[in-house]
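Visitor: In case you want the letters, here they are:
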Amino acid sequence: MSELPTQTYRVTRADLVRYAGASGDFNPIHWSDRVAAEVGLPGVIAHGMLTMALAGRAVSVWAGRVDAITEFGVRFARPVVVPDDAVGAEISVAGMVKGIVDGGLTRIDLTVTCCGERVLAQARAFVRLPGDTGAGA
Amino acid sequence: MPLDQSFVGRSLPPATPYQVGREKVREFAAAIGAVDAAHHDLDAARAAGHRDVVAPPTFPIVISGAALAGLYADPAFGLDFSRVVHGEQRFEHRRPIVAGDEIVCVNTVEEITSRGGNEFLSTRSDLATTAGEPVATVFAKLVVRGEG
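Residue numbers (our numbering), protein chains in the order written: chain A, 1399 to 1535; chain B, -7 to 140.
Honestly, the hints are just simulated from the structure, not real lab data.
Keep in mind that the hints are not guaranteed to be accurate.
Residues on chain A that point at chain B, a partial pick, calculated with CB under 8 Å [to be verified]:
(1) F1424
(2) L1448
(3) M1450
(4) A1451
(5) S1458
(6) E1469
(7) V1485
(8) M1494
A few chain A positions that, by computed beta-carbon distances, are all more than 12 Å from chain B [unchecked claim]:
(9) I1467
(10) V1495
(11) R1522
Where is the CB? At the ideal position from N, CA and C, for every residue including glycine.
Please construct the entire structure, taking both the sequences and the accompanying hints into account.
Guide: Set out below in structure tokens:
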């Protein structure tokens, strides 16, 4: 087992708007304080899929390849509240290499936090690293 | 109103094939801050052995999300989207998606369960090229919070 260098990402309201447009997820809880309050949220929250995408980015950086991930799963544990200011929210992605599984894939377990609390649970990626001899591209 | 259980096990007919555009790949990569040249630069992607710019690993959500929108909006299904929370998400990749791919997405309602006043909806989306090459499978679990 070895620890991977923690990656940190800052998410502002502008990032949420950009992700909404790029992904097609225009749910107003990701941009409207009014709607977020109406459904009982503490504020506008980041798309869970944006948080997951940032975690995936960290894995790609660690692996050194954009196509390293063959399997990637998470449970959304807590919402990431993004205040309407210049600072936004900071998401940290830590990783631990758990070893090589059947098929030559490397398993990486992720700890994804915001404000010291886990926002993703059971976050795990399987990656194919250069030098692995498994079949497939 | 509970979700209609008769949807379980049903595979929904594929929507129009999704055309993976080069600018969409770049836009999605930029939106998540992924700066690797293989997402943005054709020459860099080709030098890394890809046919075109490479989509990030969570990009299939764009395709499955668009394909699932019809199910979510179907009044017969009975989903109140204002009460939906994203529970879990998982991707299995056969190969990276690249610009130029034409993807057919088939959605299946795998399971609907009820616990503690909440409902849990599991879906599976199988993504393949129009030529029939499997590309990725997307698994999602949504939580529909109970009223009151």
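Visitor: Check the structure against each numbered hint from earlier and tell me which ones fail, lowest number first.
Guide: Hints 1, 7, 8, 9 and 11 are the ones this structure does not satisfy, whereas the remaining hints hold.
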